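Undergrad: Note that the protein sequences, when read in sequence, are chains A and B.
Mapping of the first sequence onto my numbering: residues 707 to 1202, in sequence order.
Mapping of the second sequence onto my numbering: residues 707 to 1202, in sequence order.
Accuracy of the hints is not assured; some may be wrong.
The list that follows gives simulated cross-link-like pairs (lysine-lysine, BS3-like), each with its CA atoms no further than 27 Å apart [claimed, not checked]:
| # | chain 1 | residue 1 | chain 2 | residue 2 |
| --- | --- | --- | --- | --- |
| 1 | A | K744 | A | K884 |
| 2 | A | K744 | B | K924 |
| 3 | B | K884 | B | K866 |
| 4 | B | K1091 | B | K884 |
| 5 | B | K744 | A | K924 |
| 6 | A | K866 | A | K884 |
Keep in mind the hints are simulated off the structure, nothing from the lab.
Remember, it's a predicted structure, so these values are computed and weren't measured experimentally.
Protein chains: 2
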Amino acid sequence: MTTLSAYSALAERFTRLYRYHHLHAIASWDQATMMPAKGNEARAAALAELQVLIHRTLTEPGLAGQIAAAEDEPLDDMERANLREIRRSWEQANLLPEALVEAKALAGSRCEHAWRTQRPANDWPGFLANFREVVRLSREEAQRLAEATGVRPYDALMDKFEPGMSSAEIERVFEEVKGWLPGLIRQVRERQEGETVLAPAGPFAVERQRALGLDVMKLLGFDFDGGRLDVSVHPFCGGVAEDVRITTRYREDDFVQSLMGIVHETGHARYEQGLPRDWLSQPVGQARSMGIHESQSLSFEMQLGRSPAFLELIAPLVRRHLGEQEAFSSANLARLYTRVQPGFIRVDADELTYPAHIILRFEIERALIEGEIEAEDIPALWDEKMQAYLGVDTRGNFRDGCLQDIHWTDGSFGYFPSYTLGAMYAAQYFAALRRQQPDLDAQIAAGNLAPVFDWLDRHIWSQGSRWETGELVERATGEALNPAYFRAHLERRYLG
Amino acid sequence: MTTLSAYSALAERFTRLYRYHHLHAIASWDQATMMPAKGNEARAAALAELQVLIHRTLTEPGLAGQIAAAEDEPLDDMERANLREIRRSWEQANLLPEALVEAKALAGSRCEHAWRTQRPANDWPGFLANFREVVRLSREEAQRLAEATGVRPYDALMDKFEPGMSSAEIERVFEEVKGWLPGLIRQVRERQEGETVLAPAGPFAVERQRALGLDVMKLLGFDFDGGRLDVSVHPFCGGVAEDVRITTRYREDDFVQSLMGIVHETGHARYEQGLPRDWLSQPVGQARSMGIHESQSLSFEMQLGRSPAFLELIAPLVRRHLGEQEAFSSANLARLYTRVQPGFIRVDADELTYPAHIILRFEIERALIEGEIEAEDIPALWDEKMQAYLGVDTRGNFRDGCLQDIHWTDGSFGYFPSYTLGAMYAAQYFAALRRQQPDLDAQIAAGNLAPVFDWLDRHIWSQGSRWETGELVERATGEALNPAYFRAHLERRYLG
């Protein structure tokens, strides 16, 4: 009988964990897309049981010694990077007691499920009853993580989604954005006042929208032998790298948001489908961070998807599926997709007002987690900030206000900054890509998207978690995160 | 700190197992209905990992003592019955080594997945390459179980599906059936020769068939808040009791089989939906056996579904969804659904020739498991028996021959007898029910299906696994399994 090296034993354990995560991902996808209402209690219990199992598998007493032993073994670069990520997972899990993990999973699942009907019913008090428990448990989680790691409680939660980022840095970046964004929005809105934008005339049958979405996914290189498109209340990209499940939602009176939502989720999906196949079962083979994940969806949605060149490319598809309308000219589509209009809904927001939605959520969730406000204070604060940042009146409209997002329902506090980080990374990638390919827009308009896919594949997808986020971005673009690219992109597109 | 009783500790463990089974059921349903091809390798690995976990949870060393200790604790009747079922699960799991469980799960999953494309391609040699391994591992399983329990290898496999039944008893019953069935088939076919049966004229759009199926499921009391209807290559009833997933398959040129398939699976589904809610997480709250499960699907399909009264009830639904045709008169539908016509496909077989399909499979699989034949001998044996029992020539047609069923692909040997046992139990139930409700057919034709549902709920569904199979049937009908009711039912319906 041969003895496994410590590293091999760890790799085996993480393969097992990968399979547990597979089951969790598929059962969660099913919960959001297929499951009838009465299935939820048993599903929530089964998912919580699985989270306990995952947590237990990550916290067995022998692991500390095994990781230390593996660190002394001869490993190649990928194995070394894998071991770094193994240690990260292990540390994160070992800071939390199992009972807390299970309680949070259960409370989150219950709150999320009830939210699916509470949101359309505008039922804030009903939501609050479940949400208080989610907040209580998330604060406990944050407190425990913060004490052990010496960071602020909110930073400790954020670290799960964007390792290495601090809320102080986020705040610095966001304060800077708050400095120029309102002026830019004002300027662009004045400029767009004289513009004529034709509104597409619906209704647009769901089946046709779906067929159009599938065609656009094909164009974007989504591998349908390794994934699906379905419908859920809140669009997401789930499943596993070998079988990526993206969702959208349809409105018969408006195809514009749903279509760009599909472009967005397809960006997430291609990242997953492009991760290094030989390493999928190990932490190093998985996506780098949520900020990097959003940088892929936003590379697709914002950098590529809303560019005039891409809209020129897909305008014929829109006409093929939805019929001929003047509104479907590529020029009008470009005006539609760059129209700046402060509104209620984050996922429907235009590129320019989007960061304001994120800054608002960041400020509220950080205050909530750090005990400066309570859950019941959220609506008033929401109303105040929406008025201040976007001039929008959300009073009494919880459905399109603080109930609109899924993130808080299951306690995913600390995620929101990833969206705007993602937008900034994406702007930085495309600046690098354009330096290499000065005729990029002509290529895109001609239907050659390969330069985009190749660049993202080479620099991001195929790299998995081989590098820490900072190094990944630097290797890809030649410098660390630099928000100036984001501002320059916005000014070029909206004032250029 | 209080110490749990041994019984409570066992109940907690079995709740955990119930949740693992939940994940297995949903991921398996997804594999058959939703999953794209490239997802299979990872899915198979995840499901096998879960089976290992389940096996490990059932084989921890402390369990033997815990079960023995619980048997000495004061328990009420349900707890006592639950403990009996806990012991049964534990014994079954502990007789097999983990490596064998995992290897069989993997081989089965691979073979089943490949079969999905091999069957339409009529690719017996391709199938055989995977299937040999499934047979090898199933024989090993049978051998180990047989040695430990002192029964024949085949009986040891059958015990998983129909506890307490022996192949000697099956053989006795089947030999008897072989005595009268061929003559009955001949007599009925002669009688039906002069009958005019109008063939429905297709095509029937899948969406309309689906809408009709959903309406029939409503009529049959399927709870759509606790289940779904989808499509798969091989129809089945899966999911969990709280969320029952049934499937069918559609052919545009024939709605007759698909519709009755839905009635069949709805019978399985109502059993699951009717199991005792307070005991669902425990073995005693689960379905009694596969024979009893099939007795529910066949109560729905054969006793109720193909009765003239029921067809009178659903004829207007058929016309509403598929349009007006002379063929959709209730009298013609009754002739269609009782038409006896030996054919290739078990699941499409009429009520009368169906047992011949089962007897053939029973004879082949018993010989295969007990080493009297090899996997490569199956086609010749299949051809010979189809010719002998049904006068049908299957040579070279593997697709509609020995490749037609899913059961062997994952090593579910010993299941097939459950179908004909189920048909016999169902005939016996309806004989008892008719003694109580002499006007049953009039009630059914008038749309009052409550007497059927109430009887099945009271005697079968709500009982879960409280009684051993023999006692369940005896309590329900006043006597042990008596195949005479089956023969009487067939003679009444087909010669009456």
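Undergrad: Given the proposed pairing of K744 (chain B) with K924 (chain A), does the C-alpha separation stay at or below 27 Å?
TA: 17 Å, holds
Undergrad: Does K866 (chain A) pair with K884 (chain A) here, judged by a C-alpha cut-off of 27 Å?
TA: 26 Å, holds
Undergrad: Just to be careful, I want the Cα atoms of K1091 (chain B) and K884 (chain B) compared with a cutoff of 27 Å; is the pair within it?
TA: 12 Å, holds
Undergrad: Hinted pair, alpha-carbon criterion (27 Å max): K744 (chain A), K924 (chain B). Please report holds or violated.
TA: Holds, because 17 Å separates the two Cα atoms, which is no more than 27 Å.
Undergrad: Would you check the hint for K744 (chain A) and K884 (chain A), treating anything up to 27 Å between C-alpha atoms as holding?
TA: Roughly 45 Å separates the two Cα atoms, so the pair is violated.
Undergrad: Hint check: K884 (chain B) vs K866 (chain B), CA-CA at most 27 Å. Holds or violated?
TA: Within the cut-off at roughly 26 Å; holds.
Of the numbered hints given earlier, the model fails hint 1 alone.
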